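Enquirer: Protein chains in written order, with my numbering: chain A, 404 to 736; chain B, 404 to 736.
Everything labelled a hint here was simulated from the structure, so no lab data went into it. In this text, all values refer to a predicted model and were calculated from it rather than measured experimentally. Please note: incorrect hints may appear among the correct ones.
Chain copies aren't distinguished; within one or between two, either way the pair holds.
What the hints assert, rightly or not - Listed below are the simulated PhoX-like cross-link pairs for lysine-lysine, each with C-alpha atoms no more than 25 Å apart in a straight line:
| # | residue 1 | residue 2 |
| --- | --- | --- |
| 1 | Lys527 | Lys621 |
| 2 | Lys621 | Lys709 |
| 3 | Lys706 | Lys621 |
| 4 | Lys628 | Lys453 |
| 5 | Lys527 | Lys628 |
Number of protein chains: 2
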Amino acid sequence: MFLSNRRAVLVGFAASWTLAAAPGLAAPTDPLPSWNTGPAKTAITAYVGKVTGPGPDFVPPAERIAVFDNDGTLWAEQPIYFQFAFAMERIGQMVAKDPSLRQKPAFAAIADRDQAAMAKLSEKDLVEAVFAVQIGLTTREYQAVAKAWLDQARHPRFHMPYTALTYQPQLELLAYLRAYGFKTYIVSGGEVQFMRTFAEQVYGVPPEQVIGTSMTTKFELREGKGVLVAQPALASMDDGPGKPANIDLHIGRAPLVAVGNSDGDLEMLQYSASSQRPNLQILIHHDDGIREYAYDRQSKIGKLDKALDEAGARGWTVVSMKSDWKTVFAAKP
Amino acid sequence: MFLSNRRAVLVGFAASWTLAAAPGLAAPTDPLPSWNTGPAKTAITAYVGKVTGPGPDFVPPAERIAVFDNDGTLWAEQPIYFQFAFAMERIGQMVAKDPSLRQKPAFAAIADRDQAAMAKLSEKDLVEAVFAVQIGLTTREYQAVAKAWLDQARHPRFHMPYTALTYQPQLELLAYLRAYGFKTYIVSGGEVQFMRTFAEQVYGVPPEQVIGTSMTTKFELREGKGVLVAQPALASMDDGPGKPANIDLHIGRAPLVAVGNSDGDLEMLQYSASSQRPNLQILIHHDDGIREYAYDRQSKIGKLDKALDEAGARGWTVVSMKSDWKTVFAAKP
Chain A
404 MFLSNRRAVL VGFAASWTLA AAPGLAAPTD PLPSWNTGPA KTAITAYVGK VTGPGPDFVP
464 PAERIAVFDN DGTLWAEQPI YFQFAFAMER IGQMVAKDPS LRQKPAFAAI ADRDQAAMAK
524 LSEKDLVEAV FAVQIGLTTR EYQAVAKAWL DQARHPRFHM PYTALTYQPQ LELLAYLRAY
584 GFKTYIVSGG EVQFMRTFAE QVYGVPPEQV IGTSMTTKFE LREGKGVLVA QPALASMDDG
644 PGKPANIDLH IGRAPLVAVG NSDGDLEMLQ YSASSQRPNL QILIHHDDGI REYAYDRQSK
704 IGKLDKALDE AGARGWTVVS MKSDWKTVFA AKP
Chain B
404 MFLSNRRAVL VGFAASWTLA AAPGLAAPTD PLPSWNTGPA KTAITAYVGK VTGPGPDFVP
464 PAERIAVFDN DGTLWAEQPI YFQFAFAMER IGQMVAKDPS LRQKPAFAAI ADRDQAAMAK
524 LSEKDLVEAV FAVQIGLTTR EYQAVAKAWL DQARHPRFHM PYTALTYQPQ LELLAYLRAY
584 GFKTYIVSGG EVQFMRTFAE QVYGVPPEQV IGTSMTTKFE LREGKGVLVA QPALASMDDG
644 PGKPANIDLH IGRAPLVAVG NSDGDLEMLQ YSASSQRPNL QILIHHDDGI REYAYDRQSK
704 IGKLDKALDE AGARGWTVVS MKSDWKTVFA AKP
């Protein structure tokens, strides 16, 4: 359902683009139909017009880089990061198969869904548990497991596939930026190979434009074929200051457009704001408890506090999900 | 000089492409004019025709990924890696400015050009010295220093800028693959930010398609601007098994075409050969001591031993610089 919706949007967008390019015909269709008219939408279209049209602010296409956080920015992140939901289910299966894994307190707590014990786990324990599900697997094996989970798992409140809980206005924004020559990247705290299982199909973002937290891998020949096997060591935590560091490593240019929703995106937005070219920073503010979730400064997941202050101080664009978005999800509940 | 040469090649190539696409006109110009007719050139054009034309071997454009090593594959690497030449000169300047740096034996040996002392340094000492030149600098500061060096440095034998010692047949191969929808990447043991100072201008490879050895960096705000500062710790050594690991991290697909020249490229070629799609592995064999350098199994730099055996066993394409290349360098000595 959400996929056919998405196709409809893209076809609609392509049509509007054709009309817009043909003066004298009918008025162009709105390329961001799920965005209400208001300061956020105006800031976006004015910026894109400015850097892609003739004039002193024109930016060559090669420098048009846009980076998007994923959790809470492109799809929902409540009540827990979707990748955590995957890891918890997977750990339950692993412990059922090999009870000796219960020796790790985090594994036992997760397998038993013991809320009290889980609340006591350190962040290190949790991260270790999340990544444990891929250690020893090749990248392709791990992605097959993740894809199988995504295909059948349902969100506890909306009872839909997690990939249906992507934000319709953001799918339009990604397509709009690409139509104007921007290269769109995902730069997320989520694990890179997990995100690549759906990013191309759902967002139109190819694997080489997905940057995320990563495990170290080891090259091995298995039956004569070269494979990469995940090792029990984190390579890079793509969160907070890790985001601009990975952008510098993977992309090598400061992004002109940066879109996030939490304090974990603050440094990425600051880095984008430091570009010598005209640039645009966007914060998605989760203020719609009816259609989605309402949370910001005190939230355990997706905390938005310092970045909200910085947005106010520096004039960044804050998107109210409640008032700026006509539709929230790519699929209707 | 080499740049105007390169422009001429690209213009010539664009013209040939137009002609090739217009049946009934003059015979198409050769897109690889610096390659002699022979098994290597035939293997390349047959492969590209097979995966881009209609038929069972057709590969969608999104999967057309080609990876190239840099030192010894796209430009020369003798008598020492060009980045080492840069680091040695830079360390001389650093020691002259701050004599306390002489306390590190590697720094004193390099600053004094003391061949006997340098021969005794461990690989770790050398690598540490090479990377010392960027520690504490922001990425942009480091790139400005590297670019200034590249602009004035001359190769000891050919007395030309190092960027003129790029291989003309390889510039043509890069352009040829791109014209057929391949995304061309550099995957090199060289440091990533150093290579990005010239890769776009010289090879037409944008920063986001350059993968290399990297230092960890730290995000800082300096006068309100976000910058990345190189730290005294290696993030990733992009050599040997590190190459497929970085390809898996940065690109997320096995490359269909892999081009290298040394044992440091073996795993990258094996990984490409493991793709489920038709694929092509190319080894550049330095067998032309007159126009360039002749070295392989016993060489200290660019040793080609195991990979040459593997090429023989697996039918990879071995390019003889002597007989397959009409011209070697982008600029004439």
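Enquirer: Sort out which numbered hints this structure fails and list those numbers smallest first.
Expert: Of the numbered hints, just 5 does not hold.
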